[in-house]
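Student: Below, each chain spelled out in residue letters.
There are 2 protein chains.
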Amino acid sequence: MNAEIISVGDELLIGQVINTNQAYIAEKLNAVGIFVDRMTTVGDNEPEILRAFESAFSSHDAVVVTGGLGPTHDDITRSAVCKFFQTNLVHDPEALRNVKELFERRKLAVTKLNEDQALVPRGCTVMQNSLGTAPGHFFEKDKKFFIVMPGVPSEMKGMMEGFVLPYFEKNPTGVVIRHRTLKTTGIAESHLAEQIGDVKSILDDDSGTTLAFLPSPMGVKLRITVRGKKLSAVEERIHNVEAKLRARAQKYLYAADDEELEHVVGRILTERKLTIAVAESCTGGLIADRLTDVPGSSNYFERAMITYSNDSKMAELSVPASFLEKFGAVSREVAEAMAFGIRTKSNTDIGLSTTGIAGPTGGSDEKPVGLVWIGYSDRHETIALRFNFLNDRRRVKERTAQAALELVRRKLIKIT
Amino acid sequence: MNAEIISVGDELLIGQVINTNQAYIAEKLNAVGIFVDRMTTVGDNEPEILRAFESAFSSHDAVVVTGGLGPTHDDITRSAVCKFFQTNLVHDPEALRNVKELFERRKLAVTKLNEDQALVPRGCTVMQNSLGTAPGHFFEKDKKFFIVMPGVPSEMKGMMEGFVLPYFEKNPTGVVIRHRTLKTTGIAESHLAEQIGDVKSILDDDSGTTLAFLPSPMGVKLRITVRGKKLSAVEERIHNVEAKLRARAQKYLYAADDEELEHVVGRILTERKLTIAVAESCTGGLIADRLTDVPGSSNYFERAMITYSNDSKMAELSVPASFLEKFGAVSREVAEAMAFGIRTKSNTDIGLSTTGIAGPTGGSDEKPVGLVWIGYSDRHETIALRFNFLNDRRRVKERTAQAALELVRRKLIKIT
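As you go down the protein sequences, you meet chains A and B in turn. With this note's numbering as the guide, the letters of the first sequence map in order to residues 14 to 429. With this note's numbering as the guide, the letters of the second sequence map in order to residues 14 to 429.
No wet-lab data here; the hints were simulated from the structure. Being a predicted model, the structure only gives us computed values, none of them experimental. Here a beta-carbon is modelled for each residue, glycine too, at the ideal position from N, C-alpha and C. Do not rely on the hints blindly, as some may be mistaken.
Label pairs and their calculated CB-CB ranges [said to hold, decoys possible]:
#	chain 1	residue 1	chain 2	residue 2	range
1	B	207	A	185	39 to 49 Å
2	A	183	B	426	53 to 63 Å
3	A	312	B	208	37 to 47 Å
4	A	401	B	377	42 to 52 Å
5	B	377	A	284	26 to 36 Å
6	A	309	B	331	25 to 35 Å
7	B	121	A	380	28 to 38 Å
8	A	183	B	63	33 to 43 Å
9	B	118	A	308	44 to 54 Å
10	A	229	B	287	32 to 42 Å
11	A	208	B	63	33 to 43 Å
12	A	312	B	249	54 to 64 Å
13	B	143	A	312	46 to 56 Å
14	B	377	A	183	29 to 39 Å
Construct the complete structure from the given sequences, taking the supplied hints into account.
Tutor: Structure follows, in structure tokens:
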């Protein structure tokens, strides 16, 4: 089964918003055996929308449309859908209930514009929107599908997960496509490629199997893709390729698929009943932010200090004034003192610290922008590692946070 | 002049890579008066590529193609371009020099595959690639343009900035397009629409001017777009529409274009020589992370405490144990005590705090997931505001951080 994704919205055409919906939808449709072979973006313009609908629906088994379902004058997808299917709008009582409930919970009055959000094209199955006011439309016609969802990513994802994907799981398409992503960090793409060696010997020359290297600032991802007819055979192939990759690069593989480094670290801390506290300077709270993104993190994350000023480093973490004077705030000695200070003060098993020059100013020849020290302290040792990140301010923060969490992971599982 | 962007690559169709090229190209073309009204993505498949070329070139003044110019078997854009223009490949000596130089610098041997990268379609102007081996192709035919660039973002950007944009600056299209985005927060889209009222009266029924409402979890953006022939007239229209919007919704407008709330808050704090410290519970460091994303934030951001545990709230912020017992950690009293505690401890002008139930667990009937108290303290007052965010964990953190920074902004400029 092939599909085209159509995104509607002027904000996409002027480059104001990067389209993340298309990649998400394509990946999820792949998982239920639907292959996207075309993606189109058009503006809030009825003739253009209708032209895209006609072209897509005439050449594809499924069309997935997002965007333009909101309450204001520039949201015209719903009326275009009505024209396309030569139907009209009807009130959906459940959608209206949903709108009213949402506004009640927010303690806001429901306006006429809001109530109109409960109008849907006659003849579709209504996909309710648990995160917003615009319902989605699911048309099935002559074994073909026409699916319309809001452009707000969270609302679209809610409908994909709550309705579209379950539908195709119950009504399988006969083809199975599976992806598996293994995540590495702390190794360059070319070095990882050398470590892994001959890709053909890993894929067994199977044309339905591919391996892709995907570099990013957080590390290089390895993506295995397998297409086939039987789920069990496809999953077995994924499993075999993964095993070969693990045999060659296990040390660098910290997680798979959607799992992030903070989940892995959190899982190990939970299993071992260990606690952590963080003292951040250059990362400015990003490590704490990532650690607390994990549900249940309050079980192991005790506290963090964002000690930006020298005063706060001394007062909160007992960093000796002499260290700051002699070695400077960005130094091995201060990183170690911060990690030790936060651990002992918070009475946790692990203390983690960062101090560096995020830029764009504040660098010198001796200590350039991007110089970072990451400190780690547990009952047995207190150490610090030096990094040089050649990036802009945000990127330095991101790469430092990633390297700090990876340091904790490696210490926990005794990789050095 | 209108344009279509065509992206070529299987990696885009399976959702492996998010397409950031389209947004970049669209924004840059807008700036030289070229309006993108359609974006298309197709796979590494010749019939699909040719179909997209034909459809785009027949209905647009300019077509911009990226991707599929690499050296391996799945890169077929170049041969499709030759078929489309019924031409053949010729060697470009400068491109060959570039390939050889690149490999010399990397101390690698040049293979036949690499040398073939210097083959270009006869009849195009060659755009050299300073960052990679694949040259770009620039066709001008009957006042129409067909531009082909690599898919690697840095290489594509190099060609846009080095060749495409300078070309259209030297050969102006006669049209000027300008955008202006005004950002609001703390008001629902429908309420903002009511506040603003009749859109037509704001736009003066000018067909070259549009106003879009763009909702996001951080707030609703208002985007003004003006197309015209003279830059001065276009800018004046933008200015007039902006003034009318400001007259109707000034209170909610916190920034324009690329400026974020943390920049606005940082600018006001800097101007007034004020300092801030933050005590975060449910936001887990996100407010500190945002504040420290701003270069120079060390001038006003003194420290933050991420006090996740009750112990840390008492020890670090002097929150009375009796408050935690009697009112619970998520309460007005604790939010106020946290804001007051961090301000007095850090000796800053402002103290800001958050405490809430980020979820997915930990909620109750009385205190559901998404309940948040935000505390604010300065020399004159200590207050807390209650919010209910109906979202997932990350979204609750994001919306809380945004509402907290907005509270500071409003207090600083005396909006209540």
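Student: Against this structure, judge whether each hint is valid.
Tutor: Evaluated hints:
1. B:207 / A:185: 39 to 49 Å: For residue 207 of chain B and residue 185 of chain A the Cβ distance comes to about 47 Å; the hint holds.
2. A:183 / B:426: 53 to 63 Å: holds (55 Å)
3. A:312 / B:208: 37 to 47 Å: holds (44 Å)
4. A:401 / B:377: 42 to 52 Å: Holds: the Cβ-Cβ distance is about 48 Å, inside 42 to 52 Å.
5. B:377 / A:284: 26 to 36 Å: This hint holds: roughly 28 Å between Cβ atoms.
6. A:309 / B:331: 25 to 35 Å: Hint holds: Cβ distance 28 Å, inside 25 to 35 Å.
7. B:121 / A:380: 28 to 38 Å: holds (34 Å)
8. A:183 / B:63: 33 to 43 Å: holds (38 Å)
9. B:118 / A:308: 44 to 54 Å: holds (48 Å)
10. A:229 / B:287: 32 to 42 Å: Given about 38 Å between the Cβ atoms, the range holds.
11. A:208 / B:63: 33 to 43 Å: At roughly 40 Å between Cβ atoms, residue 63 of chain B and residue 208 of chain A fall inside 33 to 43 Å, so the hint holds.
12. A:312 / B:249: 54 to 64 Å: holds (59 Å)
13. B:143 / A:312: 46 to 56 Å: Check passed, 51 Å falls within 46 to 56 Å.
14. B:377 / A:183: 29 to 39 Å: holds (35 Å)
Of the numbered hints listed earlier, not one is contradicted by the structure.
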